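Protein chains in written order, with the working numbering: chain A, 1 to 481; chain B, 1001 to 1445.
Since the hints were made in silico from the structure, they are not lab data.
Keep in mind it's a predicted model, so treat the numbers as computed, not measured.
Glycine included, each C-beta is placed from N, C-alpha and C at the ideal position.
Some clues are possibly wrong.
As the list claims (entries may be wrong) - Here are a few chain A residues that face chain B, going by a calculated C-beta distance under 10 angstroms:
hint: 1; residue: W70
hint: 2; residue: L73
hint: 3; residue: S301
hint: 4; residue: K380
hint: 5; residue: L395
hint: 6; residue: V456
hint: 7; residue: M462
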Amino acid sequence: MSKDDKILKDLESKEYEAGFVTDIETEVFPKGLNEDIIKALSRKKEEPEFMLDFRLKAFRYWKEQEEPDWALLKYEKPEFQNISYYAAPKNKPKYNSLDEVDPEIIDTFNKLGVPLEEQKVLAGVAVDVVMDSVSVHTTFQKTLEDLGIIFCSISEAIREHPELIKKYLASVVPYRDNFYAALNSAVFTDGSFAYIPKGVRCPVELSTYFRINQANTGQFERTLVIADEGSYVSYLEGCTAPQRDENQLHAAVVELIALKDAEIKYSTVQNWYPGDKNGKGGIYNFVTKRGICKGDNSKISWTQVETGSAVTWKYPSTILKGNNSVSEFYSVAVTNNYQQADTGTKMIHVGKNTKSTIISKGISLGKSNNTYRGLVDIKKSATGARNYSQCDSLLIGDKCGAHTFPYIDVDNSSAIVEHEATTSKIAEDQIFYCNQRGLDTESAVSLIVNGFAKEVLSKLPMEFAAEAKKLLSLTLEGSVG
Amino acid sequence: MKDTKNENIIFADLYKNETDFLIKETEKKKYVEEFLKSKIPDGKKENWRKFNSKPIFRHKYKLGKKAELDFNTIKSMSFFNPDANRIVLINGFFNEKLSFRKNEEIILTSTKKAKIEYPEIFYSHFRKIKNNDKTFFDALNESFSQDGAFIFVPDNISVKEPIHILHFIISSNGNIFSQTENIIIAGKNSSLKIIHSYHSLSRDFSFNNGRTDIFAGKNSATEYYIFEGEGDTAAHINNINTEQEKNSYLKSNIVTFCGSTVRNNFKIKLNEEHAKTEIEGIYMPDKEQYIDNFVEISHLKSNCESKQLFKGVIDNRAISVFTGKVYVAPGAQKTNSEQSNKNLLLTDYAKAYSRPQLEIYADDVACSHGSTTGQLDDEALFYMRTRGIPEKQAKTMLTSAFLKDIIENISTESYKDYVNFLINGRLKGQNPETLCSVKLCPSCT
């Protein structure tokens, strides 16, 4: 057992590897939030009138709301007036080639193992880099343009494609949806926008990297992905953040819209700074992600790997509105030290013969708490709807917690809904079996954890799977080879 | 909420002229103050999701009074055993004439009497189970409860025949509100069975806000069966709190048949090692009934075991809610817990809400939960029809097979037959109200 203890200790003491600060001059708004700040923000971003109206409406609604506290999370409530709501790298001009980009930014991504040049050439991934809040670089714009695909920052989309923004922004997550969605609607600074036209199969995986860079700057991203009839897109999002002592707030909103016969595959690897091993610092990640299968036969799949953040509050959900639409949710959430995660999904079945699958794997280490909270809601109109949910939790160490809170609401007699969950630790006989075959305990733990999460990891796109595995091994360092 | 008088004051007013409460006179002020501040739970409270109190508070109530009942009415109930121990409560009050004690060694009385006659036993158990999540209903009961059943089985005593607690609501005119506080104590190495049944003989609306505390002593074995059959015109909030000592075994079984709004709160605490609890439930809401089962099992020490199985058949526009929570405290290693909820929806208007929850703070545990909601298996139905069984009959057979495992676990034959009879009657389309009526039984139609 002493070896196990050592491994556990190693796991717990693993420091955050991606913690470093890039020093780029940034323009920061004064702390606090009021209508003037929002007006200034909107002006700064050269937004049309309707956006300002939207932001102000959201802000007025937000002011009247109370922060929700139903989640199984304990944290100090963020001081919303103590946050600066805008930070942008100062050198803002558009770049034509990589050479013009601030070398320090390039360096940041190199440290993270995201060499832009290489990716551009080798991986064929268009990367829309978000350093703090303003989009700096977009690659592969040309290839995408030829196909009619719009992939740009949301600020650009607001300026250049107001008709799409007017039609789709906040159509899935209205500003009244919840406290953080309202806050985000009022103050979001940037994010990504993608539109795939009718019948187009996006040839590359669209991807963005987020990174919180300015101390004390809450980041409010807004992502909108629209897949028009018969189109397909695979969208990747990954986050890493430098080491910080103060809690930082991250309240993003992601909206996906899949029209008739369209398919969106949304994958994310989240590795915000989780705080140190004493639970000090770390990011608050309060995210609203929701997609709608608007047309018949459409499909949305969510895949997420969550290893970071001090506090996570995140439920990527799908409204299955079109008949025969399909949604999938695959999640691996790993918590260590004092991390807390309350995460899961919502599948809202509205259309006929809609199907959803939920596979959730939670791994808790140290003194962390990992909660799965998921809703399966079969509305009256959802004749023939089908859901299968499975949530498994793995506990490593005896001071952590694993919780499962499924909500199953069924209003239609023809629907079939199944939920299964198990909670366990790595059994001694499993370790023993591996030992017998010549594997040391360390590799055995690694093997078992990998196997436990494999079902989800295998759903990630190739480029991402490698990174996800890397992150998993960072959290499980010492046991995963 | 009405702007003139809120429900707290309306209910406190009902007790204006009453004096005889279970709590001490000196504590009354504290309790009532707490009650007046308490809130009626609504859907916003996480543990009361989907709960709607409006059907309960739509009516005006008067307080249930002591009343008499003809012994023959009770005798006509099919699972009634005239030779067994029983406690009869009418409108929430103990009826000594109709109650009967067979075993001399046990205490079988009312809580009110126990308070005077056996103060030591009474006060060492009364309100000893702490509730950290008090709602309006808990506070209402704690402030104003006046009577109830009191059962004490001393150490090393085994009671073979089931003890029957019968609750009747009788009203001549007007809606009745009644409350009981029941205490059941199983001593060390004792064993007992209890059938706790609720009936209404009234056509008026009734509201029963009850509390039952069960103490399972070391090595004791208790079986606790609840039958809720108060008719369509009844609301029932039933709070069951249990505490189990080392090696104790408690089996609870609840059959909810009738009632317009029913909420059962089970709070089961496994306080010492090797305690085992099993809870099973059947609910068959029809029309616009609302049946809500909330179960919270707290594994506080290691090596305990718990099992939950709830099955529902939901008809018409009825709503069923199941919330099962398993809490495993830090250090409660080697916990074994199973949880399962299965719902069968018979119409497109029926609703089933299911929340099987696990909250686990220990690593060496085996906990699982499952939930399914759906309809009868088409293939099984087709198979039966190819064998010449008419569709309706095939459906009835499959539905009763669906509930069979729980019914089979009822160890008292006469009670099992009664539950079977009710289920079959319901599946054949008989009105649940007539089925639940006390006068009707297989032998006396």
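Any of the earlier hints contradicted here, and which numbers?
Those not satisfied are hints 2, 3, 6 and 7.
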